[in-house]
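S.K.: Chains as they are written, first to last, in this note's numbering: chain A, 3 to 458; chain B, 3 to 458; chain C, 3 to 458; chain D, 3 to 458.
One or more of the hints may lead you astray.
No distinction is drawn between identical chains; accordingly, a pair holds when it is met within one copy or between any pair of copies.
[To be verified] Once the Cα atoms are required to be at most 16 Å apart in a straight line, the calculated EDC-like pairs of lysine to aspartate or glutamate come out as:
| # | residue 1 | residue 2 |
| --- | --- | --- |
| 1 | Lys-397 | Glu-349 |
| 2 | Lys-83 | Glu-271 |
| 3 | Lys-141 | Asp-93 |
What the hints contain is simulated information worked out from the structure, not anything from laboratory work. As the structure is a prediction and not an experimental result, all values here were calculated from the model.
There are 4 protein chains.
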Amino acid sequence: MSLLEPLFRWKAVEELFSDRARIQGMLDFEAALARAEARKGIFPKAVAATITSKCRAEFFEVDALANAAALAGNPAIPVVKQLTSLVGKADKEAAKFVHWGATSQDAIDTGFLLQQRDALKQVAAELGRLADALASLSKKHRATPAAGRTWLQQALPTTFGLRVAGWLDAINRHRLRLAHGQRQACVLQFGGAVGSLAALGAKGPAVAKALGEELNLEVPDIPWHSHRDRICEVATTLALMTGTLGKIARDISLLMQTEVAEVFEPAAEGRGGSSTLPQKRNPVTAAIVLAAATRVPALASSMLSAMVQEQERGVGGWHAEWEVMPEIIGLAAGALHYLTDTVAALEVDTERMLHNLEVTHGLIFAEAVQMALAGEIGLREAHELVEASTKVALKEKRSLREVLAGDKVVTKHLPSDRLDLIFNSKDYTGSASEMIDRVLAAHAATARRIESGKSE
Amino acid sequence: MSLLEPLFRWKAVEELFSDRARIQGMLDFEAALARAEARKGIFPKAVAATITSKCRAEFFEVDALANAAALAGNPAIPVVKQLTSLVGKADKEAAKFVHWGATSQDAIDTGFLLQQRDALKQVAAELGRLADALASLSKKHRATPAAGRTWLQQALPTTFGLRVAGWLDAINRHRLRLAHGQRQACVLQFGGAVGSLAALGAKGPAVAKALGEELNLEVPDIPWHSHRDRICEVATTLALMTGTLGKIARDISLLMQTEVAEVFEPAAEGRGGSSTLPQKRNPVTAAIVLAAATRVPALASSMLSAMVQEQERGVGGWHAEWEVMPEIIGLAAGALHYLTDTVAALEVDTERMLHNLEVTHGLIFAEAVQMALAGEIGLREAHELVEASTKVALKEKRSLREVLAGDKVVTKHLPSDRLDLIFNSKDYTGSASEMIDRVLAAHAATARRIESGKSE
Amino acid sequence: MSLLEPLFRWKAVEELFSDRARIQGMLDFEAALARAEARKGIFPKAVAATITSKCRAEFFEVDALANAAALAGNPAIPVVKQLTSLVGKADKEAAKFVHWGATSQDAIDTGFLLQQRDALKQVAAELGRLADALASLSKKHRATPAAGRTWLQQALPTTFGLRVAGWLDAINRHRLRLAHGQRQACVLQFGGAVGSLAALGAKGPAVAKALGEELNLEVPDIPWHSHRDRICEVATTLALMTGTLGKIARDISLLMQTEVAEVFEPAAEGRGGSSTLPQKRNPVTAAIVLAAATRVPALASSMLSAMVQEQERGVGGWHAEWEVMPEIIGLAAGALHYLTDTVAALEVDTERMLHNLEVTHGLIFAEAVQMALAGEIGLREAHELVEASTKVALKEKRSLREVLAGDKVVTKHLPSDRLDLIFNSKDYTGSASEMIDRVLAAHAATARRIESGKSE
Amino acid sequence: MSLLEPLFRWKAVEELFSDRARIQGMLDFEAALARAEARKGIFPKAVAATITSKCRAEFFEVDALANAAALAGNPAIPVVKQLTSLVGKADKEAAKFVHWGATSQDAIDTGFLLQQRDALKQVAAELGRLADALASLSKKHRATPAAGRTWLQQALPTTFGLRVAGWLDAINRHRLRLAHGQRQACVLQFGGAVGSLAALGAKGPAVAKALGEELNLEVPDIPWHSHRDRICEVATTLALMTGTLGKIARDISLLMQTEVAEVFEPAAEGRGGSSTLPQKRNPVTAAIVLAAATRVPALASSMLSAMVQEQERGVGGWHAEWEVMPEIIGLAAGALHYLTDTVAALEVDTERMLHNLEVTHGLIFAEAVQMALAGEIGLREAHELVEASTKVALKEKRSLREVLAGDKVVTKHLPSDRLDLIFNSKDYTGSASEMIDRVLAAHAATARRIESGKSE
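One chain only, chain A, in its complex shape (with noise of 0.2 Å):
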């Protein structure tokens, strides 16, 4: 475990892009193709069972390989060597096939959809934890007076419960994308040198869709070995997931202000203290999610860049993938394991929210106001009246209400009773229950469109 590790990744997911993990990732494209080869007859079974028993990672020696893969070019070919070496230690005649037919970007692109099928299945859990605590969350404050902010300033009156339908509306959708992406990115990639199978003959397609059946992965028309599209859109889609838990994340700090302090990240021994600052509760987890999101954004768009790759195989971009695409995926499973931890135990203060709807004196009703003057005098007028009195208001600290009551084409139009009930309705939230319930509804079919496996 490395220092920063612990601090920004998930160890579930961090796991499967180990070492030993991509080693065992070519490895099963090693054995699986062995069997397939046997399937069809290209040598006997035999063979295939001797060159399965030999991949198994704790056969090999990283710093070897390592060594091997800086001059080589790829950590695919020492392995290749390696492992003929040991079959052929214990057979002879089953090391001839070894990597029959094969480049070594079969065996690369293979072993890390492999690890990558695992991490997403990880990550589309997690995602799901955090859905079902949004949606806890937002049946629970439904009805929970906040004040609404934009550009950074109170608005109008708005619902706690609103605020988090918005946020799990986004990551209904990521769920869905999400979905998606494990299909589209579970493709074999087998080709040989040049996406042709020359190597196999006319046994080509037939050992492919065996091999394909070993891995249990989709077989593609064509090899993808220049076209990285499938590959790049789980970047993208990781890149978007991580886009709006960044979005959450930066709420949240925003919400722990000392001077808003309406939510707060769950406390616990040791969490988000300062070296010096004896009353600190810092916001880790929107730090580390705020991070990823600063990051992850622009790793995307390295594998963006990449995608130009020359001819039949390319000589850089695919390199660039290989260590930036377990970063993507290992920041974006990070934030989003620490942002769920924290959404599922997470501190509202809910008096604070209604004391916050008080401190601008009024103006946060001023929308409401112009719109019951709008019916009468029109809505660019009385969105003047009512622009004048809050700097009336403001310049004279009075309350908004005060100053309005002065004011003759108001009292004309909205008699005293009327004036108190609009500065008392921090129920002035619109259709706000009915869209939770629709984000509610469409959370639940979410689910079940996920679990039936039809989420396209």
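Position chains B, C and D relative to chain A; hints supplied.
M.R.: Positioned in the frame of chain A, the structure of chains B, C and D alone reads:
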């Protein structure tokens, strides 16, 4: 028209993003809003008719709006103000109801969506045209022998048709992605100041539904003011597409190199010349497309970074989108349009392709001979034997066949006539033909799915 | 003027990047080239005079050039062609020598440099104006107590002047960077087709020297057609500056929050309003600057990606720069200009700053009391003791002073009057004043260095 | 060592960014702080000695720190806690003063700077080695004729030495930039919680000065906790350098193409092979460097985006830097190291360069003949005449000389022997030699400036 516009952009799309079009988008929203609200009884239908009659961009002065937008912080505020004046001159009563219950962002976002919808329609059609051109090219050159190249080195023989099938396969996927993106993006923005439709009281949902019908846009469960994943997904979808366009352009530019000379962008009077080199025929389209493929990934990362928007409506992130999205669409559409024209008229020199298969004096058949030996002596040993022979061939500037003919292990297993066969195997192209068939079938199926609207 | 231009851009810089200005830049190159070549005896001075007389952008038709540029692949080819015609009408002999020995890229790159030189001059002056405004603000508020905030939480008292000094300190560095960048970027591009000045035979260096004199540009040791580090460094220099502008804007937007309300962007008629909220005073400048800070890093990464240009002159990378560089300069200059105006007239509410120091009921003095205890019982123990007390204070909604007064260890070491002193220590601001002095001195020194041209 | 590390990274730099090194960096800060404070009389020198004696990374357990850092939100908090325990076991009194007056960020930032200082020293030395290798290569091939290529097309003859001089010229600039960046980056971070050194009372400046002396770091006018331009400038400086490395690598990979074959990466046992193609000699270094040039621009944009840090110390932006900066340095250093090795041993096939000058049947001399005609008939007319002739030559597969010999205008002005001369002008290389001299002189001057420390 600006100086660099016709170089980088496609007119059919560019004009959809003019200032006039942007203003008209917002006005289309305002007119539809008025009609929807009249339908729901908020005011008389005559009011809506008057408002609609003034919602024409040619009644508005761009410069005045631009200066006012700089003060206000967005272009919708002055548009609404000026529209209210215009309506007021015709009918004071109607002027009372302009922009009723909406916020600036409702007009700006929805207006942009309308522009984007038209643009994506053009892009989708052009992408279909590119796919068709590639399908013809692949079919025509299904059996045209050519050198396959990996790491910018000749690797194996392949067919030009297989290379083009790889291009087509990716483009087919982009067609499906775009069809999905087109639906995804057609979702009304309408929420009022904080997304609750508070100003419409209980009528919010009904008005929203009517507004969606007026504009033929889906009504979302909840407004998406500070949740930008839908629009960002359009950005990433186009960025993925541009990556593939860049890959094809890179390939064309490499094939056009003086020393390779296998394909050429179509010639035209004044096209691709040089200000000083009379013999030049520059890959102008490739340059344009590669420039787009350099720029769009970064622009997509801006969109992803900008997703971290604060609370109910953010400060800065939203503003960043206003120029970036049209830029992404414009660059992607321009690259697509010029590449489509180029592919449709690509000049292919099949003789030169044949010629280039000869330049390595047989090295390109190294894998073929290795596979022939491998069945006898094992893959790794065959690899090492042939590798050593290629080094001799290169060093002594002899043909690989000649060197191998002097090796006893080789001659033991491969008699002279067998070697002759191998070193003539321009058809050492494995499953190329079958792969092409599958890609062409997928092309036809994709077209049908898109036409039928069942692209998912 | 386009709709969003005055919102995001600064007119003084924007007009330097108009189409006319771009054409004039190329023409200035062609005119200077003619004069330089005449001075070196390649043709008579009258020829140069005639060519110079036609090098005026108003003689050229943008639309025709634009269409021809799209075919040719760059705008210099049609400019040279049209210039040759124009000159030919005046003097057939002179027309023979237009663009003698140059290549398109010489005209395009040098022309752009001339535009950029003027633009950077404006940016440098505005940056000086920002620095001066910050220096005044810092000096004025040198002793204004305010809450210092870390992780978006109140941490310790500080002074508003210290915060502004931090802003100024960074801006001073950007002034020096920009001064360096201005010199760095003023380097002639002139090399002919492959950078060897082949077409000028032995006269190349002499003509280059004369051309540099004509345009007041440094003559490099070798042309830089495919080496773009100098121009990219302008991009990164401006991106670094924009990062700091974004940081200042973020701070202003946070300080303007309804619940914080310590500073405000200056008010103006029609400024920062809302289309529906009459009470709003939005941070419009902050939005503009934050949008730029979201966009410029990605644009800079495009420039850096585009550096990988092929051989003597590249395909695609160079073309990517043509729109990206003006965009970077325009966005950075716009952000700078609006932020400068805002800082120069920033409204500061010192009373509210004082008030906000009270809202934590003493928690903000936690470090002060901890340090007072630390000398007695050690830093870690003091930290733990005060940390525990803050938790009690928060939970029981009591003041920290009150809680501490009930702790025996505290009262043993800190008598009541000592505690009083600590909980009044709005001047617990350490070296703030000395730091401000140093930054103000550096500000003066920076201005002198830049004026004297000795900024390095 | 991890699997891909030796492929992408340079060991000498990578080990400077190990977990141990990161911990040691923070401990070096704590030890120096203790000594500085003791020197200024805050506590006895024996205390500092005890603290210093425990500041050794090998006393700390990475896993425990990692888990605690995940809770705390940064690694300095557990380091300080564990250090306090360690010191306390030796001397209870000394333990009172660990981390006195500092904040976590002081330790993390300064600790990182110390790592970075060592790393940049290595990079600077390696960059010098690359420059020297390029200088030798340029000198050696000063007169080696080669085809100059623009837009990936043969353009004019040039010399291989001129191309290399272009590479060297850029690298010289990067040496100066890096020397500047090294100074720029060596600036102490020390400010306490909000940058005022409040906890040190009046002694802040004196302690800061002493601390700067202890660590040999410049003391800034004011702490830079949320102003990250200095560290970001290291990122952009390295990104600029990586851009040039990528450009050189792209050139090498293009020159290594089977059909061009002018230069080769040095051969070595096991280097650049393929898992299936025995004849391959892949441009492994080019791939590594191009991968870095694809990744580093995006990472630099993350650093620039992260500059927008809130108030006194930010949330998220700072955290993003922790992994991104080491990644930038590691990738840049790796690319530099492998490219240096490759350039130093580059195989150059001068015969093939000569051969490639012939492949166009004279087209490469088109500009030379055009310039010879231009003096007589004008540049534009000469251009059009030669352009037409090249089209005939290409179409009819004849040599350009032959076609021109049949044109009356040509033969009128250029007798046959003059044409012969032109079509043999492999020395049509203008000022190439003089340019090489200037670049070599600048190389020597740069080395002297850097050695003398007067690089600005």
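S.K.: Hints first: check each against the structure and report whether it holds.
M.R.: Going through the hints against the structure:
no. : hint              : verdict
1   : Lys-397 - Glu-349 : between (36 Å within a copy, 13 Å between copies)
2   : Lys-83 - Glu-271  : between (51 Å within a copy, 14 Å between copies)
3   : Lys-141 - Asp-93  : neither (64 Å within a copy, 45 Å between copies)
Hint violations for this structure: number 3 only, all remaining hints satisfied.
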